[in-house]
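Novice: Work out the full structure: start from the sequences and follow the hints.
Heads up: the protein sequence lines correspond to chains A and W, in order.
Count the first sequence with the working numbering and you get residues 8 to 379, in order.
Count the second sequence with the working numbering and you get residues 27 to 224, in order.
These are calculated hints, taken from the structure and not from any lab test.
Don't take every hint at face value.
Claimed, not checked - Footprint (simulated), chain A over chain W, 3 or more residues, beta carbon under 8 angstroms:
(1) 129-141
(2) 178-188
Unchecked claim - List of simulated lysine to any residue pairs, SDA-like, C-alpha gap at most 20 angstroms:
(3) A:Lys172 x W:Glu146
(4) A:Lys165 x W:Gly144
(5) A:Lys76 x A:Asn109
(6) A:Lys97 x W:Ala51
(7) A:Lys177 x A:Arg259
(8) A:Lys162 x W:Gly135
(9) A:Lys162 x W:Pro145
(10) A:Lys172 x W:Pro145
(11) A:Lys99 x A:Lys84
(12) A:Lys172 x A:Leu267
(13) A:Lys96 x W:Gly45
(14) A:Lys96 x W:Met41
(15) A:Lys236 x A:Phe206
(16) A:Lys132 x A:Ser291
(17) A:Lys162 x W:Gly144
(18) A:Lys97 x W:Lys49
(19) A:Lys311 x A:Lys177
(20) A:Lys162 x W:Thr172
(21) A:Lys96 x W:Lys49
(22) A:Lys96 x A:Ile68
(23) A:Lys97 x W:Gly144
(24) A:Lys165 x W:Thr172
(25) A:Lys177 x W:Gly142
(26) W:Lys49 x A:Cys74
(27) A:Lys162 x W:Gly142
(28) A:Lys165 x A:Leu269
(29) A:Lys97 x W:Lys42
(30) A:Lys177 x W:Gly45
(31) A:Lys99 x W:Gly45
(32) A:Lys97 x W:Met41
(33) A:Lys172 x W:Ile46
(34) A:Lys84 x A:Glu313
(35) A:Lys76 x A:Lys99
(36) A:Lys102 x A:Arg83
What the hints assert, rightly or not - Listed next, with one range per pair, are the computed distances between beta-carbon atoms:
(37) A:Ala244 x W:Leu43: 43 to 49 angstroms
(38) W:Gly47 x A:Asn104: 27 to 33 angstroms
(39) W:Gly47 x A:Gly220: 53 to 59 angstroms
(40) W:Ala72 x A:Tyr205: 55 to 61 angstroms
These numbers were taken from a predicted model, which means no experiment stands behind them.
Just so it is clear, CB atoms sit at the ideal spot from N, CA and C, and this is done for glycine as well.
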Amino acid sequence: MHIDRLKLTNYRNYEALELNFSPTMNVLIGENAQGKTNVMEAIYVLAMAKSHRTSNDRELIRWEQECGKIEGDVQRKFGYMPIELTISKKGKKAKVNHLEQNRLSMYVGQMNVVMFAPEDLNIVKGSPQLRRRFLDMEIGQISRVYLHDLVNFQKILKQRNALLKANRGKLDLQDVMFDIYTEQYIQVAVQIILKRFYFMELLQKWANPIHQGISRGLETLEVSYGTLKDLHSGQTAEEMETIFADQLKSVRRRELERGLTLVGPHRDDLQFFVNGYDIQTYGSQGQQRTTALSLKLAEIELVKQEVGETPILLLDDVLSELDDYRQSHLLSTMQGQVQTFVTTTNIAGIDHNTIQEAAIFEVHDGSVLPRD
Amino acid sequence: MHYPEPISKLMDSFMKLPGIGPKTAGRLAFFVLSMKEDTVLDFAKALVDAKRNLQFCSVCGHITDIDPCYICQDQSRDRTTICVVQDPKDVIAMEKMRDYRGLYHVLQGAISPMDGIGPEDINVPSLLTRLQEDEVEELILATNPTIEGEATAMYISRLVRPSGITTTRIAHGLPVGGDLEYADEVTLSRALEGRREL
Ligand SMILES: Nc1ncnc2c1ncn2[C@@H]1O[C@H](COP(=O)(O)OP(=O)(O)OP(=O)(O)O)[C@@H](O)[C@H]1O
Ligand SMILES: [Mg+2]
Ligand SMILES: [Zn+2]
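Specialist: This is how it looks when you write it as C-alpha cells:
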C-alpha cells in the first residue's frame, strides 16, 4: 500500500500543507527544526491515531489553535481510500471514506506504517515498559482483537487492583467479586500472552535474516519473549490459564500486602541476543541500532503476511547513523518494494542510486517544496 | 464575555445537564428569551413535577409516579421471570420491544470496585430479598456488555446459583454503537474460544 497525498491543517508547525508523494522513494531534506520529523509523525499518526514520540495529543495541534487535522489518500490493493484524523483538545475523530468511525481501535489498521526513528533505539536500551509498548503497537496494528483485549485487560486490572487495595494487609481474600475479576483477568491475560508468543515467533523468523544481511553475515539475532514462568508457546489457552491461576494463588499474600496484581503480561519483557550475547548489556551502539532496525524491518514482512499488503516505511534520521554498507544494503532491499520516506539534513549523505529515483522535498520552516 | 446575571444563571443551570458546555448553554439560554412566557412556565413546571412526582419503585427500582410501579402491579405479567437491568432507560427500551412479559429489577448501576461501588451500593440486596419471597424461577441478566456489567451479571449469577433459580445472560450480538466489521472480527474470535457458561 502507499499514501498518494497528505494534507495537514494546523498540525505542528504546518498551518496548511498539501503534498503528493512518489509510490516508491521519498526524501525529505532540511536543516534542523524545520519540520521533517513533523511530516513523518503526521503520516504515522494518520495510521496509528497516536504519535510515536508523545502521548500528549495536544502537542500535535499547532500552537494557539483549537484543532489540527491530517488527511491522506491511501492506495490499497482493493482501491483508493481517503482517511482523516482530527485532533482537538476534546479528543480525536477519525473518518474512513468520509464516514466517521465509532471507535479508534476500529480505525487503526486502515493504513499500515513501520517507523524507525532515533527513539527506537530504546526498544533495545530502554525500560521493559518501552518494549511492551513496542509489542502492543506492533501487534495492535495487525490485530484489532488484540487492541480490544488490551483495553479490557487494563480495565480488569484496575478493578482487581482496587479490590486488592481495599483489602490490603489481609492474609487471604474470600470474595466472590474478587474471584470473578481474577478469572476474567486470567482469561484476557492469556489471550494477550498467546498473541505475543505468536508475534514474537514471526518476528524472530524475519528479523534474523535481515540482521544477518545488514551485518554482512557477521551477526545472528535471537529474540526471546519473557512472560510468566512455565508458560511457553505451544501450550493451549486452558493449560496457560491453569498455570497462571496457580502462580496468582501463590503470590496472593504478597498481592494483598502491596495492594497490586503482581503476575501478568503487564510485567512481560523482551530480550535480544546477538551471536548469543545479551545485546542490552553487551552490545555496541551500532549493534544495538542494527538490532532495533532489524526488528522494525522484520515488521514489514510481518504486516505483509498478516495484512496481505506491504506497509509504508518511515525512516527518520536513520541513514546518517549507519555506515555506507548498512545504508546501501537497507535502501536496496527496500527499493521498489516498499513506499519509503527518508529524512536527512544533508543529501550528500545518501546513497547515489536512491536519490536518482526518489521524489525529493525541501523542508524549510513549515513549508515543503518538491524539487524537480 | 459578560452576561446579565439572569442569563449567566440560566446558563449555569443548563451546564449542569450532561453533554452541555458553555457554548450550547449560551445558545439555549438565549433561545429561552425568545420563547413565549406560557411555554417557559410549562417547561419549568415539567422539570419540577418530574422531580417531585417521580420516585423509585420500592419493589423493582424502576422510576415511577405510583408505588409499586405499573409493571409490578400488572397481574397479567409473568411473575416467574425477572429481567435484571442497570438503568431505568433499559426497562423503557425493553418495553418498547413488547416481547418481554416478565418483571424487571433495576440495579441503578453496576458493581465497580475502583469507583468504590460494591453490591450493597446498588439494588442487589433488594433483588436477593425479592428472590426469597417471590415465585421467581428465571433470572435474565441484561446488564450492559461492559467489563463492569459482565462482572455484575456473573456476581449475581453466583449468588443465586444455590437457590436453583435459572440464570441466563442476554445475548449481546453487536456491541452498542459498534461497527459490523469490527464486531465480526471480535465476535468471531470469541466464538472460536467458546463462550463460557456463567
Ligand atoms: N504544536 C506545534 N506548533 C507549532 N510548531 C511546533 C509545534 N510542535 C513543534 N513545533 C515546531 O516544529 C519544529 C520542529 O520540527 P521537527 O521536529 O519536524 O524538526 P526536524 O526538521 O525533524 O528537525 P531535526 O533535523 O532537528 O530532527 C520546531 O521548530 C518546533 O518549534
Ligand atoms: Mg527530526
Ligand atoms: Zn416496580
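Novice: Determine for every hint whether it applies to the structure shown.
Specialist: Now the hints, each set against the structure:
1. Note: the region 129-141 of chain W has 4 residues with beta-carbon separation from chain A under 8 angstroms; the three-residue rule is met and the coverage holds.
2. With 4 residues bearing a CB less than 8 angstroms from a CB of chain A, the region 178-188 of chain W meets the requirement of three and the coverage assertion stands.
3. The hinted pair formed by lysine 172 of chain A and glutamate 146 of chain W meets the criterion: a straight-line CA distance of about 19 angstroms does not exceed 20 angstroms.
4. A C-alpha spacing of about 15 angstroms is found between lysine 165 of chain A and glycine 144 of chain W, which places the hinted pair at or below 20 angstroms, so the restraint holds.
5. For the hint pairing lysine 76 of chain A with asparagine 109 of chain A, the CA-to-CA distance comes to about 18 angstroms; that is within 20 angstroms, so the pair holds.
6. Of the supplied pair hints, the one linking lysine 97 of chain A and alanine 51 of chain W holds, its CA atoms being roughly 17 angstroms apart against a limit of 20 angstroms.
7. Restraint check for lysine 177 of chain A and arginine 259 of chain A: the C-alpha separation of about 10 angstroms stays at or below 20 angstroms, so the hint holds.
8. A threshold of 20 angstroms between alpha carbons decides the hint, and for lysine 162 of chain A with glycine 135 of chain W the separation of about 17 angstroms falls inside it, so the pair holds.
9. Pair hint lysine 162 of chain A plus proline 145 of chain W holds up; C-alpha atoms about 19 angstroms apart against a cutoff of 20 angstroms.
10. Among the hinted pairs, lysine 172 of chain A with proline 145 of chain W is consistent with the structure: their alpha-carbon atoms are about 17 angstroms apart, no more than 20 angstroms.
11. The suggested pairing of lysine 99 of chain A with lysine 84 of chain A is violated, with an alpha-carbon distance near 27 angstroms, which exceeds 20 angstroms.
12. Between lysine 172 of chain A and leucine 267 of chain A the CA atoms are separated by roughly 7 angstroms; this keeps the pair inside 20 angstroms, and the hint holds.
13. Note on lysine 96 of chain A and glycine 45 of chain W: the hinted pairing holds, with a Cα-Cα distance of about 16 angstroms set against a maximum of 20 angstroms.
14. Between the alpha carbons of lysine 96 of chain A and methionine 41 of chain W the distance comes to roughly 19 angstroms, so the proposed pair stays at or under 20 angstroms and holds.
15. A hinted pair counts as satisfied when its Cα atoms are at most 20 angstroms apart, and lysine 236 of chain A with phenylalanine 206 of chain A qualifies at roughly 19 angstroms.
16. For a cut-off of 20 angstroms, the pair hint linking lysine 132 of chain A to serine 291 of chain A stands: about 11 angstroms separates their Cα positions.
17. Distance hint between lysine 162 of chain A and glycine 144 of chain W is fulfilled; the C-alpha atoms sit about 16 angstroms from each other, no more than 20 angstroms.
18. For the given pair, lysine 97 of chain A sits about 14 angstroms from lysine 49 of chain W by alpha-carbon distance, which is consistent with the 20 angstroms threshold.
19. Simply put, lysine 311 of chain A and lysine 177 of chain A have alpha-carbon atoms about 51 angstroms apart, too far for the 20 angstroms limit, and the pair is violated.
20. About 10 angstroms separates the Cα atoms of lysine 162 of chain A and threonine 172 of chain W, which keeps this hinted pair within 20 angstroms; it holds.
21. Straight-line distance between C-alpha atoms of lysine 96 of chain A and lysine 49 of chain W comes to about 15 angstroms, which keeps the hinted pair within the 20 angstroms bound.
22. Restraint check: the Cα-Cα separation between lysine 96 of chain A and isoleucine 68 of chain A comes to about 9 angstroms, which is no more than 20 angstroms; the hinted pair holds.
23. Distance check on the hinted pair: lysine 97 of chain A and glycine 144 of chain W sit about 31 angstroms apart at the alpha-carbon level, beyond 20 angstroms; violated.
24. As the CA atoms of lysine 165 of chain A and threonine 172 of chain W are separated by approximately 14 angstroms, the hinted pair is consistent with the 20 angstroms bound.
25. Only pairs whose Cα atoms come within 20 angstroms are accepted, and lysine 177 of chain A paired with glycine 142 of chain W is accepted, the gap being roughly 18 angstroms.
26. A hinted pair counts as satisfied when its Cα atoms are at most 20 angstroms apart, and lysine 49 of chain W with cysteine 74 of chain A qualifies at roughly 17 angstroms.
27. Of the pairs offered as hints, the one joining lysine 162 of chain A and glycine 142 of chain W holds, with about 15 angstroms between alpha carbons and a cut-off of 20 angstroms not exceeded.
28. Between lysine 165 of chain A and leucine 269 of chain A the CA atoms are separated by roughly 12 angstroms; this keeps the pair inside 20 angstroms, and the hint holds.
29. Proposed proximity of lysine 97 of chain A and lysine 42 of chain W is supported: the alpha carbons are some 18 angstroms apart, at most 20 angstroms.
30. Of the supplied pair hints, the one linking lysine 177 of chain A and glycine 45 of chain W is violated, its CA atoms being roughly 42 angstroms apart against a limit of 20 angstroms.
31. Restraint check for lysine 99 of chain A and glycine 45 of chain W: satisfied, since their Cα atoms lie roughly 17 angstroms apart, inside the 20 angstroms limit.
32. With a C-alpha separation of about 17 angstroms, the suggested pairing of lysine 97 of chain A with methionine 41 of chain W holds against the 20 angstroms cut-off.
33. About 35 angstroms separates the Cα atoms of lysine 172 of chain A and isoleucine 46 of chain W, which puts this hinted pair outside 20 angstroms; it is violated.
34. Among the hinted pairs, lysine 84 of chain A with glutamate 313 of chain A is consistent with the structure: their alpha-carbon atoms are about 14 angstroms apart, no more than 20 angstroms.
35. For the given pair, lysine 76 of chain A sits about 10 angstroms from lysine 99 of chain A by alpha-carbon distance, which is consistent with the 20 angstroms threshold.
36. For the hint linking lysine 102 of chain A to arginine 83 of chain A, the alpha-carbon distance of about 16 angstroms falls within 20 angstroms, and the restraint holds.
37. In this structure, alanine 244 of chain A and leucine 43 of chain W meet the distance hint of 43 to 49 angstroms, their C-beta atoms being roughly 46 angstroms apart.
38. In this structure the hint that glycine 47 of chain W and asparagine 104 of chain A lie 27 to 33 angstroms apart at CB holds, the actual value being about 30 angstroms.
39. Between glycine 47 of chain W and glycine 220 of chain A the beta carbon distance is about 56 angstroms. The supplied range of 53 to 59 angstroms therefore holds.
40. Look at alanine 72 of chain W against tyrosine 205 of chain A: about 58 angstroms separates their beta carbons, and that is inside 55 to 61 angstroms.
Checked against the numbered hints above, the structure violates hints 11, 19, 23, 30, 33; every other hint is satisfied.
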